[in-house]
Structures are given as C-alpha cells and as structure tokens.
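S.K.: What follows is each chain in one-letter form.
Number of protein chains: 2
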Amino acid sequence: MSTDMHEHIVKSYDDEQKRLLDETLRMGEMAASQLEAALDVVERRDDKAAERIIANDEAIDALEQEVSHDVMKLALRGPMARDLREILAAIRIASDIERIGDYAANVAKRSTALNLMPALPHVTGLHAIGTLAVKQVRDVLVAYRDNDVEAAKNIRVRDAEIDIAYTGLFRELLTYMMEDPRSITACTHLLFMAKNIERIGDHATNIAENVWFLVKGEDELPPREKRDESSTTTGP
Amino acid sequence: MSTDMHEHIVKSYDDEQKRLLDETLRMGEMAASQLEAALDVVERRDDKAAERIIANDEAIDALEQEVSHDVMKLALRGPMARDLREILAAIRIASDIERIGDYAANVAKRSTALNLMPALPHVTGLHAIGTLAVKQVRDVLVAYRDNDVEAAKNIRVRDAEIDIAYTGLFRELLTYMMEDPRSITACTHLLFMAKNIERIGDHATNIAENVWFLVKGEDELPPREKRDESSTTTGP
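Residue numbers (UniProt numbering), protein chains in the order written: chain A, 1 to 236; chain B, 1 to 236.
Be aware that one or more of the hints could be misleading.
As the list makes no split between identical chains, a pair holds if one copy fits it or if it spans any two.
[Stated by the list, open to error] Calculated pairs, EDC-like style, for lysine to aspartate or glutamate (alpha carbon to alpha carbon, straight line, at most 20 angstroms):
#  : residue 1 : residue 2
1  : Lys216    : Glu64
2  : Lys109    : Glu220
3  : Lys195    : Glu229
4  : Lys73     : Glu86
5  : Lys216    : Glu66
6  : Lys48     : Glu64
7  : Lys18     : Glu64
8  : Lys109    : Glu229
9  : Lys216    : Glu179
10 : Lys73     : Glu218
11 : Lys73     : Asp219
Since the hints were derived computationally from the structure, they do not count as laboratory data.
Isolated chain A (complex conformation) (with noise of 0.2 angstroms):
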C-alpha cells in the first residue's frame, strides 16, 4: 500500500472515531439537559413541558441506534489495544447515557401525576439530589472527552454524596408518609423518582469507570464506596 493511501485509511479512521465520540457526547449532553429539565418541570407543575421531555427521549434512543451503527463499522476494521477499547468504552458509556435519559423522561412522567395532587415540600430536596446529578454527569462527560483519569476518579468518589443526600430523602418521605396518609401515593412517586437520580449517579459512575478503563486497559481501579443505606433501612 503506498503511504498517501495508508494516510488516507488512517485519517479516515481517526475522522470516524472522532465522530463517534461527538456523537456519544451529544448524546450525554441531551441526557444532562433532560434532568436539568425534568427536575424543573417538577418545580413549576408543568405538563406541556413534561410531555415534550417525555417526547424527546425518543431523540436519545435514536443517537445510541447511531453510535451502536458506528461502532460496527468501525469494528469492521480490526481495531488493536487503545482503538479498540474506545470503542467498547463508547458502547457501554452510550448504553448508560440512554438509561439516564429513561430516568429523566420517567422522573417528567411521574411529575404529571403529581401535578394532580397537592404540592409536597420535598420536591425541594428532590431538585437539590438531582443538581448534584446533573452535574456528576455532565463532569464526567468532560472528563470523557479529555480522557482525564483523575476527575473520572473524583466523579467516582463524589457519588457517596448523592447516595447520602438520597438516604436523607428517602427517610424524610417515610416520615411524612406516616404522618400523613393521604400523601402516600404523591410520596410514593417522589421515592421513585429519587432512586431515579441516586441510579442516574450510578450510570455516571460507571461512565467513570469506562473513562479509566479508557485510559488505562484493564488495570484495577481502587475499591470504591457505596453509601446508600436505604436497603436496608427498618424505619424513617
């Protein structure tokens, strides 16, 4: 082969991995602003809006469709070492960006059932566990796309703080349940959506973890720790 062609090849399959990581990027980003969107439709009890969250995953799902077609093709090529595990990172890290995306569009949906009921306080503590999600996830897509092995570290360890922060919200929602059973069904809806963003932390996490391995091949990451006590909780 002559050194033009092979520049060619080559230059053509570094074009294509770039645009798959745009594409994942993209992806990540439309993720961040559903949640970002979603904790505020839950704020000002806006159906509309919600419906159009709900709506728009489908945009989510499709760019996931895309980045699974990109990485076949470029699988086709025989990628070695550091190509290849770009693109199995960026398989698995679009995997869990379309789950955050689910649990945006789940945590709008259940909003519009709230909005048929009486307005809880907690959906105060709600928007502030879902800022610090928001925020996991759009620290760790940067942190993908500069392939920054110490802020994915951090992102990684900054996850006990929404498992602690949902703790705290899980058991004053049980409180609150006890003391007044007719909000049950409402509170029953803010749990799930809470679990929902102490998950949407544990999808960033896991981006982390592929960010490492990125970099890294398969060296082992330091342990890490888990800080929702919420399983196994016996009371408020």
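Since chain A is already given, all that's left is putting chain B on it; use the hints.
M.R.: Just chain B now, kept in the frame of chain A:
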C-alpha cells in the same frame, strides 16, 4: 497460509466464541438462580441465606469481567458480520445479566430489613411476579443459546404480563399503606422489590432484542407494548 494452519485458526476462533457463549449462559443461569433464591428467602424470612445471596453477587460480577476480557481477545482478531454481532451481543447481554444479578441481590438485602418487621401478606404477590421473571430470564437464555428468534419475540411480548402484575401489586401496596401507616416502611421495601423484579423483566426483554440483533442484524423489530402504568398512577 496453509489450509491446515487456516483451519487451526478458524477452529480456535470458534472454540473461543463457544467459550464466550458458555460463560455468558453460565452467568445468566447464576442470575436466574440468585433471583429464585432471593424470592425463597423473602418467604422463609431467612437472613443467613439472604447474606449468602448478597455475597454470591460478586461471582456474577467476576464472570462479567471474564466475558469482557474474552470479548477483547476475540475483537482483536477482527471478526466480521455475524462473528462481530456475536461479540457485541455477548457484551450487552452480559451487562443485562449483571444488572439482573444486582436486582436479585437487592431483593435479598431488602428482605433482611423486612425480617425485622411483622410479616406482610404481599410477599405472595411478590413471589408470583418474581416467578414470572425467573421464567423470562431462563427462557431468554435458551433463546440465546439456540438463536431462536421466534422464542425471543414471544419473551418480549410476555413482558407485558409482568408489567400488569407489577402495576396491580403496586396499587395493593399503596392501599395497604393508607389503611395501616405502621406498615409504610415494610411496604416501601416491597414496592422497591417489586420494581426490581419489573426491571429484571425489562432486562430479559433487552436480552431478547439482542438475540434478534444477533440473528437478524440491524433489521427492525416490531414495536413493543409497555404495560407498566404505575408511573402515572394517581392512587391505589
């Protein structure tokens, strides 16, 4: 390359691909057994057995690492078309199985909290949905092993049964909490356990969709009905 050597390489690729499939199926059977055991300990209120299930989850996580490792090894050989789909499907299916294992372990974990509170009649309903989910997981593993697209399509359709049963149990639990606020903490655990099982059903459906992708390539699947209405419920 001599024909002999070519055959040798092809045979060893096939062997490794078979190993990958076997590993993934073994991982799937472990997750199905974990869920079955978790349902059992909920009924028997057996803390010791619950602890074992929680500890066993690590073995599933370790198998996912092995699957990832084997996928990397196979990917380095530059597989094409069907072989490429085989490894992409394996990596996604292993990730779904890993989640199924996590949900099963979480059911066991929550059962230890339930055991500190009075027994509730709803564990029967939970067991019923759980049994549907175990069957879905086992059936989809058989469909995967046999490349059975028709079976995969049926599994996807049958997920609606789990969604309907879940929505019913969800409403029952809300009613019960309103009637007896002292049961709120226990019922909340049951709500999350039921949700875990509903999610396991979704992961079985994801696996079914990967069986379709594996056999049919990027041909589109017919659209799917979702029957979980609990996200928009405004009361029991």
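S.K.: 20 angstroms Cα cut-off: does Lys195 pair with Glu229 within a copy, between copies, both or neither?
M.R.: Intra 12 angstroms, inter 18 angstroms, cutoff 20 angstroms: intra and inter.
S.K.: Evaluate Lys109 and Glu220 at a C-alpha cut-off of 20 angstroms and name the case that applies: within, between, both or neither.
M.R.: Intra 39 angstroms, inter 27 angstroms, cutoff 20 angstroms: neither.
S.K.: Taking 20 angstroms as the upper bound on the Cα-Cα distance, should Lys216 and Glu64 be classified as within, between, both, or neither?
M.R.: between (25 angstroms within a copy, 19 angstroms between copies)
S.K.: Go through the copies and call it for Lys109 and Glu229: within, between, both or neither, with a Cα cutoff of 20 angstroms.
M.R.: Result: close only across copies, 11 angstroms inter versus 26 angstroms intra.
S.K.: Have a look at Lys48 and Glu64 and pick one of within, between, both or neither, based on CA distance no larger than 20 angstroms.
M.R.: neither (26 angstroms within a copy, 42 angstroms between copies)
S.K.: Classify it for me, Lys216 with Glu66: is the Cα-Cα distance of at most 20 angstroms met within a copy, between copies, both or neither?
M.R.: between (26 angstroms within a copy, 17 angstroms between copies)
S.K.: Between Lys18 and Glu64, at a C-alpha cutoff of 20 angstroms, which is it: within one copy, between copies, both, or neither?
M.R.: Close inside one copy (16 angstroms), not across copies (28 angstroms); limit 20 angstroms.
S.K.: For Lys216 and Glu179, with the copy left unspecified, which applies at a CA distance of at most 20 angstroms: within, between, both, or neither?
M.R.: Neither, since 51 angstroms and 55 angstroms both go past 20 angstroms.
S.K.: Should Lys73 paired with Asp219 be assigned to within, between, both, or neither, using CA atoms and 20 angstroms as the limit?
M.R.: between (27 angstroms within a copy, 16 angstroms between copies)
S.K.: Is it within, between, both or neither when you check Lys73 against Glu218 at 20 angstroms Cα-Cα?
M.R.: Between copies only: 12 angstroms across, 24 angstroms inside.
S.K.: Within a copy, between copies, both or neither: where do Lys73 and Glu86 come within 20 angstroms Cα-Cα?
M.R.: both (13 angstroms within a copy, 15 angstroms between copies)
In terms of the numbered hints stated before, the structure departs from hints 2, 6, 9, listed from lowest to highest.
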